[in-house]
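Use these hints to put chain B onto chain A, whose structure you have.
If you read the sequences in order, they're chains A and B.
Everything in the first sequence is counted per this note's numbering, starting at 860 for the first residue and increasing by one.
Everything in the second sequence is counted per this note's numbering, starting at 3 for the first residue and increasing by one.
Careful: at least some of the hints might be erroneous.
Unchecked claim - A few chain A positions that, by computed beta-carbon distances, are all more than 10 Å from chain B:
| hint | residue |
| --- | --- |
| 1 | K991 |
| 2 | F992 |
| 3 | S1003 |
| 4 | N1022 |
| 5 | T1026 |
| 6 | K1031 |
| 7 | E1046 |
| 8 | E1122 |
| 9 | A1153 |
| 10 | R1167 |
| 11 | D1180 |
| 12 | G1185 |
| 13 | R1194 |
| 14 | L1225 |
| 15 | M1226 |
| 16 | L1229 |
To be verified - Straight-line alpha carbon distances no greater than 30 Å define the calculated BS3-like cross-link-like pairs of lysine-lysine that follow:
| hint | chain 1 | residue 1 | chain 2 | residue 2 |
| --- | --- | --- | --- | --- |
| 17 | A | K891 | B | K80 |
| 18 | A | K959 | B | K80 |
| 19 | B | K19 | A | K891 |
| 20 | A | K1049 | A | K1096 |
| 21 | A | K1135 | A | K1150 |
| 22 | A | K1103 | A | K1181 |
| 23 | A | K1096 | A | K1181 |
| 24 | A | K1129 | A | K1150 |
| 25 | A | K959 | B | K19 |
| 26 | A | K1049 | A | K1181 |
| 27 | A | K1181 | A | K1109 |
| 28 | A | K991 | A | K1093 |
These are calculated hints, taken from the structure and not from any lab test.
Just so we're clear, the structure is a prediction, and the values are computed from it rather than from any experiment.
Backbone N, C-alpha and C define an ideal beta-carbon position, used for all residues, glycine too.
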Amino acid sequence: MTHDTHGGHGDDHGHGHIKLAYQPGLPLANGKLCLWLFLSTEIMFFAGLIGAYVVLRFGVPAGTWPHPHDVHLVEPIGAFNTFVLICSSVTIVLGLEAAKQNQSSIARLWLFATFVLGSVFLGVKMYEYNSKFAHGIYPSTPRSLIYDKADLNYASAVRQRLNDLATELGKKASAEAGEGQAAVPSEDQKRCEDLRDYLVFWAEQTAARSEDPGRRQAALNSLAWFIYPREGHKPEKFLAAETKRMEREKTSIAAELALVSGEQKALDAKKAELEKRDAAEVAEELAATVKARAVADERALTASERLRRVDGWLTLVPALDKLEHGINDAYHSLRLPIHIPSGNMWASTYFLLTGFHAIHVAVGLLMFVLMLRYRLDASNAHLLENGGLYWHFVDLVWIFLFPLLYLF
Amino acid sequence: MAGSDGHGEHSHGGVGKYMMVFFALCGLTTLSFFTYSRFWPFQDTPVVGWVFMMAVSCTKAMLVICFFMHLIWEANWKYVLTIPASLMSVFLVVALVPDVGQRTRYYAEERALYASDYEPKEEMTEAGSEATGDKPAGASGAAESGGDAGSSDAGEAGAGDDGKAAEAAAKADAT
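One chain only, chain A, in its complex shape (with noise of 0.2 Å):
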């Protein structure tokens, strides 16, 4: 507005000689304030998400929430990221600097630089999303193996999942025997038959018959704490009742089963002695005693089926809390369902928050890429500083993303 163009007072007035000068909107050039456009409006993209993501956060149930450590978040490797975008930024803005000098080389080279701190960044990224992989945490089904809750439909899974494998490797087993001959049961075969009639047989029945509704929710947590175990979360005591339980219960079959052995013995007695007489005579008694006999047999066959179940279940959980890691990290092919309360909403929140970080960051580097053609002197400066402008953006994302993912 250097010349006043209205009034009437003008020289030129109603000549038509009027100098316009070019008078932009605001001091800056257009390319900078579309990007500042586009970034008030990622600012409200990312605050949706990561928005989204404190409410469901801090709305789930009190303490449920996995700890970070639950879901195989590790502390220092986010940490580690975020030092290195902080490097990222510094680079680019140093390239800015250097161009803006007309040191077109050397801007290249922060460049190069701001590009490979980018891609250690994604790698680092793709490290982490790994881990979570390989220990069945995907955002949904169906290779998502988190169960919020550990109920008896999780229990189900668990023992669904095991029959499976128990009977695929039967099948696998039997067609290398060959025809006729008997098939050996596998390694891996016998574990999956003893952790489903032991352990989840167990816990099933506990949690379908038992009267108390602490020990039910107590039985099925044990369940789930020996498949994928959490921190802090290890039912120790139950654990030890349940074991002094099983090993009263295991002498006391054994005491019905001495009971049993003595009846059968005694029947076989009568009936031999009712054999040698007169059959006319004692048919009735002979008739009554052999049914006794089918009676005994059959508890017998109860109690030594219990006494395998008692005796498998003994054997096998001292075994199992040996496992540092639990069973699925112990024995990777099994892939049970595991159980990490809100796991599901935080799986999801996560993987779309870093997710959506992630494209960014990949389009920045494609950014980058195109840029590296470019001689980087003070005339194509504005092109560092518009992707510096984008790139400190990403930053300042994972600025808060780190602690809110990580270490909340």
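Positioned in the frame of chain A, the structure of chain B alone reads:
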């Protein structure tokens, strides 16, 4: 585009200033990482750590925006673009709080049972919980009460109706 500013001011920026910001950012990152270490004094009240980390993050964000993004040296248009967007972001989060953020606060007991990992309050997984004797062979819970007097006989009662005895023992323990 050479010069790239309508201000005619060339003195801003500078490698020294950028390096100072860089070290400040690294220091702040270490500071928020400090809350994760065991030397952090407010272990019991996580809220303190959260607020602290958010404050640190906001400071870092301001540093990046002001210096790396040169916003401190820009004209007043910067307020038009950044302040409304930031305010709207805050409103967006606040608007989600009543329906989404507090969705589990007023759960009925019934619903809470099906919420993630809800555990019954009166959890009795240790002593006395086995008193109800739900398995066919009588198992007694009194024995778990940590070597109390009278626990051994209940434990050795074996099959039969020791469930009642154990229950009585558990009740006695509770009182």
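Hints and how they fare:
| no. | hint | verdict |
| --- | --- | --- |
| 1 | K991 | holds, 19 Å |
| 2 | F992 | holds, 22 Å |
| 3 | S1003 | holds, 15 Å |
| 4 | N1022 | holds, 24 Å |
| 5 | T1026 | holds, 29 Å |
| 6 | K1031 | holds, 36 Å |
| 7 | E1046 | holds, 31 Å |
| 8 | E1122 | holds, 14 Å |
| 9 | A1153 | holds, 20 Å |
| 10 | R1167 | holds, 14 Å |
| 11 | D1180 | holds, 16 Å |
| 12 | G1185 | holds, 17 Å |
| 13 | R1194 | holds, 21 Å |
| 14 | L1225 | holds, 21 Å |
| 15 | M1226 | holds, 16 Å |
| 16 | L1229 | holds, 18 Å |
| 17 | A:K891 / B:K80 | holds, 12 Å |
| 18 | A:K959 / B:K80 | holds, 22 Å |
| 19 | B:K19 / A:K891 | holds, 23 Å |
| 20 | A:K1049 / A:K1096 | holds, 29 Å |
| 21 | A:K1135 / A:K1150 | holds, 18 Å |
| 22 | A:K1103 / A:K1181 | holds, 18 Å |
| 23 | A:K1096 / A:K1181 | holds, 16 Å |
| 24 | A:K1129 / A:K1150 | holds, 12 Å |
| 25 | A:K959 / B:K19 | holds, 16 Å |
| 26 | A:K1049 / A:K1181 | holds, 19 Å |
| 27 | A:K1181 / A:K1109 | holds, 23 Å |
| 28 | A:K991 / A:K1093 | holds, 22 Å |
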